[in-house]
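Please model the entire structure based on the sequences and the hints provided.
Chains as they are written, first to last, in my numbering: chain A, 1 to 112; chain B, 1 to 116.
Please keep in mind that the hints were generated in silico from the structure rather than gathered at the bench. Keep in mind the model is a prediction, meaning the values are calculated, not measured. Quick reminder that beta carbons are idealized off the backbone N, C-alpha and C, glycines included. Hints may be right or wrong, so weigh each one.
[To be verified] For each label pair, taking beta carbons as the anchor points, the in silico distance ranges come out as:
no., chain 1, residue 1, chain 2, residue 2, range
1, B, S73, A, G16, 43 to 53 Å
2, B, D57, A, A29, 41 to 51 Å
3, A, Q2, B, N50, 14 to 24 Å
4, A, E56, B, S58, 39 to 49 Å
5, A, V20, B, S66, 41 to 51 Å
6, B, G16, A, S69, 43 to 53 Å
7, A, K42, B, F74, 17 to 27 Å
8, B, G3, A, R61, 21 to 31 Å
9, B, S73, A, P112, 37 to 47 Å
So the chains spell out like this:
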Amino acid sequence: KQEVTQIPAALSVPEGENLVLNCSFTDSAIYNLQWFRQDPGKGLTSLLLIQSSQREQTSGRLNASLDKSSGRSTLYIAASQPGDSATYLCAVRYNAGNMLTFGGGTRLMVKP
Amino acid sequence: DAGVIQSPRHEVTEMGQEVTLRCKPISGHDYLFWYRQTMMRGLELLIYFNNNVPIDDSGMPEDRFSAKMPNASFSTLKIQPSEPRDSAVYFCASSLDRQGSTDTQYFGPGTRLTVL
Chain A
1 KQEVTQIPAA
11 LSVPEGENLV
21 LNCSFTDSAI
31 YNLQWFRQDP
41 GKGLTSLLLI
51 QSSQREQTSG
61 RLNASLDKSS
71 GRSTLYIAAS
81 QPGDSATYLC
91 AVRYNAGNML
101 TFGGGTRLMV
111 KP
Chain B
1 DAGVIQSPRH
11 EVTEMGQEVT
21 LRCKPISGHD
31 YLFWYRQTMM
41 RGLELLIYFN
51 NNVPIDDSGM
61 PEDRFSAKMP
71 NASFSTLKIQ
81 PSEPRDSAVY
91 FCASSLDRQG
101 STDTQYFGPG
111 TRLTVL
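Have a look at this one:
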């Protein structure tokens with residue numbers, strides 16, 4: 001069974017800190033991996049998508065890396081801000097169809 | 001485009017009642033997905049359609065759940081009869097179908113269902 005795990009489940013940091021969210025997956029034969037953000041009471045918004053042939057993607061203060069051989073991805077957030085407070089979900093697309101398998105998410109709180 | 005539209009946003013019903021959730025995907029998108037999110041189980045894929053045809057419904061919990069997509073711009077998820085354990089947030093998402101696609105899934109705001 002293909003599983004996606006995120007650690008930690010929750011994280012609280014002071015504003016300005018750099019932080020790393022972790023995602024691990026059991027099957028390395030992935031098609032791509034995405035990081036989503038979910039605000040309370042809202043749907044998911046895609047932040048970054050990394051193709052299986054890529055090692056990393058960057059968008060502003062966000063950087064996502066992918067290491068297929070170890071089955072891991074990290075989301076790095078630089079200079080965190082209170083507006084970054086949300087739940088971050090990692091999702092893996094395997095070759096079978098267009099389905100995504102989601103991790104349980106990391107709930108991030110950035111304190112002013 | 002207005003994005004993925006879901007209705008209602010909130011639904012409170014009593015056990016045994018029929019519940020119908022609605023979704024309008026982004027125009028031109030070929031895939032439509034229904035997810036359920038709970039604290040205990042996280043985000044689970046229930047069913048997805050490609051060009052209005054159901055492709056994989058292995059995530060549908062039981063026969064009480066059914067989904068249809070009569071045309072490219074509308075889908076429903078029905079629960080009959082509803083049970084308290086069906087209480088969750090139900091999301092609809094859509095995406096494009098392109099080989100080697102880098103397209104993501106675009107999520108609607110969700111329907112929060114409470115079954116009393």
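Right, here's what the structure says about each hint:
Between S73(B) and G16(A) the beta carbons are some 46 Å apart, a value that agrees with the proposed interval 43 to 53 Å. The hinted range of 41 to 51 Å is not satisfied by D57(B) and A29(A), whose Cβ atoms lie roughly 24 Å apart. Distance hint check for Q2(A) and N50(B): the Cβ-Cβ separation is about 20 Å, which falls inside the suggested range of 14 to 24 Å. Checked against the given bound of 39 to 49 Å, the beta carbons of E56(A) and S58(B), roughly 33 Å apart, lie outside it.
For V20(A) and S66(B), the hinted distance range of 41 to 51 Å is satisfied, since their beta carbons lie about 42 Å from each other. Roughly 51 Å separates the CB atoms of G16(B) and S69(A), a value that falls within the hinted 43 to 53 Å. Taking 17 to 27 Å as the suggested C-beta distance range, the pair K42(A) and F74(B) conforms, at roughly 22 Å. In this structure the supplied range 21 to 31 Å holds for G3(B) paired with R61(A), their Cβ-Cβ distance being about 24 Å.
Against the hinted window of 37 to 47 Å, the Cβ-Cβ separation of S73(B) and P112(A) comes to about 43 Å, which satisfies the hint.
In this structure, the hints that do not hold are numbers 2, 4, in rising order.
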